[in-house]
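S.K.: Respectively, the protein sequence lines represent chains W and C. First residue of the first sequence? That's 0 in numbering that gives the first Met the number 0, and the numbers climb one at a time after it. First residue of the second sequence? That's 0 in numbering that gives the first Met the number 0, and the numbers climb one at a time after it.
Note that these hints are calculated values from the structure, not bench results. Predicted model, so just to flag it, every value in this text is computed and none were measured. Do not take every clue at face value.
Identical copies go unnamed one by one, so any copy, or any two together, can satisfy a pair.
[Claimed, not checked] For lysine to any residue, the following SDA-like pairs were computed, each having C-alpha atoms within a straight-line distance of at most 25 Å:
(1) LYS318 x HIS208
(2) LYS318 x CYS362
(3) LYS318 x HIS431
(4) LYS318 x THR210
(5) LYS443 x ASP338
(6) LYS443 x ASN163
(7) LYS318 x GLY79
(8) LYS268 x PRO95
(9) LYS341 x ALA99
(10) LYS318 x PRO80
(11) LYS268 x GLN238
(12) LYS341 x GLU274
Protein chains: 2
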Amino acid sequence: MSTVINATQQYARDNLGRFQSELMDFLAIPSVSTESEHAPDMARAADWLADQLISVGAENVRVVPTAGHPVVYGEWLGAGPDARTILVYGHYDVVPADQADGWETNPFDPVERDGFLYARGASDDKGQLFTHVKALESYLRSSGSAPVNMKFFFEGEEELASPNLAPFLNENLDLLAADVCVISDTSMPTLEEPAILHSLRGMTYLEIHVTGPHDDLHSGFWGGAVHNPALALAEILSQLHNPDHSIAVPGFYDDVVALTDAERNEIEKTAISDEQALQSTGVPALWGEADFTIKERVTARPTLEINGIGSGWTGVGPKTIIPASAMAKVSCRLVGNQDPHKVFDLIDAYVTSIAPPSVSVRCELITTGEPALFSFDLPEMRAGVRAYEQGWGVTPMFTRGGGSIPVVADIARLMGIPVVMMGFGLDDDGLHGANERFGIENYKRGIATAIAFMDEISRLES
Amino acid sequence: MSTVINATQQYARDNLGRFQSELMDFLAIPSVSTESEHAPDMARAADWLADQLISVGAENVRVVPTAGHPVVYGEWLGAGPDARTILVYGHYDVVPADQADGWETNPFDPVERDGFLYARGASDDKGQLFTHVKALESYLRSSGSAPVNMKFFFEGEEELASPNLAPFLNENLDLLAADVCVISDTSMPTLEEPAILHSLRGMTYLEIHVTGPHDDLHSGFWGGAVHNPALALAEILSQLHNPDHSIAVPGFYDDVVALTDAERNEIEKTAISDEQALQSTGVPALWGEADFTIKERVTARPTLEINGIGSGWTGVGPKTIIPASAMAKVSCRLVGNQDPHKVFDLIDAYVTSIAPPSVSVRCELITTGEPALFSFDLPEMRAGVRAYEQGWGVTPMFTRGGGSIPVVADIARLMGIPVVMMGFGLDDDGLHGANERFGIENYKRGIATAIAFMDEISRLES
């Protein structure tokens, strides 16, 4: 086998220039999913990607309609039914970009400059997903085969929060069946500090509505005799945390999987110092659970944040009313194995229990997302480590993401397989900002790592 | 004297029809001070009112320019330097009115219907101020003289919160010098329950600003490690009241003049039942200081209300941010002898003392108003009582206003004279709403009471 993978890696190195020019063609298509005038571009990008899959040797390639933008699917099952199968997820849609927003060049006219490809979507996610396509091509063109089966599914609505992805997964569980999923849609601080993400937080997003009088009241006529809804809301919100900054909702932590020493050690490798946190945020002093480090608080602990509050008059000058109502947007970041709906129910029950009788209080669930947590002792995770060591040349760290990527939890939950999040981008690639870019070295090492991952997965004991 | 006053009252009764038609001419002028396109109407109303004062026998009549709309002044000093002088305050400006807002007839085309005159300003305040003008006319036309000197000053900016009134008072203290001020710009529940207002609350209006990070932060990146400004604001606001609903700001009650038993008995005469309060406001349960009745809470006790709060995202759907800042509008209703600036300083000091180090907190003073409290044992107040008994036919109650009328405190403070607030309107006259009206019976009894007040003031021992 070592001859095969060596030939495969050599093919990838030899063809990097063409791989780069193909990616630039892909980047030139303004596949902005969030703007309806780009609907034709979305269709064009899907077709282009399907053609790419066919050209590298994938079969059963199709552009699958959804209620929104289509999913592009393709597979190569030539390794046979006894071999393992890798499912590759990525997204071909991008967020809007306007040269006037600080871009040095047209965001949809890709250019190479100082070792980077500059274009919207270069890192998020066209460049990263393409590494896996080129990995399959390198195997098939260099040796006529590959050691694992490959299935690709690329969605066009990631930047829209994937509204049609869970239905697509549910309807295509047989088609997508695999042993492991790999996603390259994340990043690392520097080229020499690659990372595999093994945890993402989930979410429970709700609104708390407090209503009092049937209309705004004159504060000179009724002040002091009715419970001001803005005050009642403040009183409720102030009871959501304990004095030690932990969350006061009874039962909130019941399903939280405790951090192991190994996990805490891994997190410590990417520690954020107090100085870094103060400088990055601009706050006068830090806050949070004293028993956990900053990095643990923002990635491995569940949180409850107020995202917005509104009541009464907030314009210029005085207006002497008692507002009829007050509302807050509140969201929790959840960790394994918290259930977003159970968390909502716990908050709802707690808020109801502390709501004073002098106002009406109602909690409304806005949206949920499941957390995802994969042990980094899983064989597929260890295969990922070895793939980086061989393809990237550096042993990766395991990191936890503070945010949420719903598809990860959906795949884990619906398909029952681990998801290895092998990021190939850099933290300063400018995702969603001006001058987004993807390093040519990242692209090269990413393809090499994707090839090595196929090899490593094929070697796992069954 | 009883012959003179009888003749005067007879004259007023005989001329009620003409008095009414003159008032309707006044009401037909759309003197809306808050809308710049009505500036010519404001000038016309001022001139019309000045002409009226001249026509009833006032002298030294002038339309005095201010930085805004003019003040109309006139006097009759024929009672001589040894007689008492009554200063009449009123305002000739009105709030906007649009027939489309539910008016049955054009708001500036006055009509008589079912014993009421319907027009914008009928009760607030053109009809009420006119009673005193017609009282002087009745004296002068029936007997050629009056028992007291009279000074009238009518402003055109009451509906704009009287921005130029205190300067006008300050610059004209000699011109306006008087023994007592009478203001008819308030109301009573029914014709048989007239009231003299003897207390108005003052105000301290401020904003509390909480700032944390230099920009909104991604709650998935920093949640749990910084103090959410909306949470910090809620924590501060929740500490402004004690569990018994009294105000927690140290020193807040220090200057509050305790209610006497006589005052509490007087307040009890206009008690608001729990049922009435619940029905009027629509709240599920009442709230406030248990040691005080509803009526005491809303008129005789100081309050602290949140008028508005704002922070972060309050639009539709989720947005997962930690807001960079949060703000609240907070205002206190003050009673004698609280000082609005001292109250601000107390709140500022308290909020600063409870502000956590993890955010920055700042209080900003927006506006102040002095409270006003006149003992109902004052001879001028007793004169008011007798005036109602003779002119209205009913002994009035003494009531406290929950709101603020800045001119009252200004006159008391700058001129050192009591202000007798003899309201002639009805609570349901539709002030600032559609179909504002003034009862013809109210007008008639108001003129009779104004005449009787002149007589009673003239009889006070010096």
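S.K.: Does each hint hold? Answer for all of them.
M.R.: Here is what the structure says about each hint:
1. LYS318 x HIS208: both (22 Å within a copy, 17 Å between copies)
2. LYS318 x CYS362: between (28 Å within a copy, 17 Å between copies)
3. LYS318 x HIS431: between (39 Å within a copy, 15 Å between copies)
4. LYS318 x THR210: both (19 Å within a copy, 23 Å between copies)
5. LYS443 x ASP338: neither (39 Å within a copy, 73 Å between copies)
6. LYS443 x ASN163: Neither, since 32 Å and 74 Å both go past 25 Å.
7. LYS318 x GLY79: The answer is neither: 74 Å in one copy and 46 Å across copies each exceed 25 Å.
8. LYS268 x PRO95: For LYS268 and PRO95, the Cα distance exceeds 25 Å both inside one copy (35 Å) and across copies (67 Å).
9. LYS341 x ALA99: Classified as neither: same-chain Cα gap 45 Å, cross-chain 51 Å, threshold 25 Å.
10. LYS318 x PRO80: neither (73 Å within a copy, 45 Å between copies)
11. LYS268 x GLN238: Answer is neither: 34 Å inside a copy and 41 Å across each miss the 25 Å cutoff.
12. LYS341 x GLU274: neither (36 Å within a copy, 40 Å between copies)
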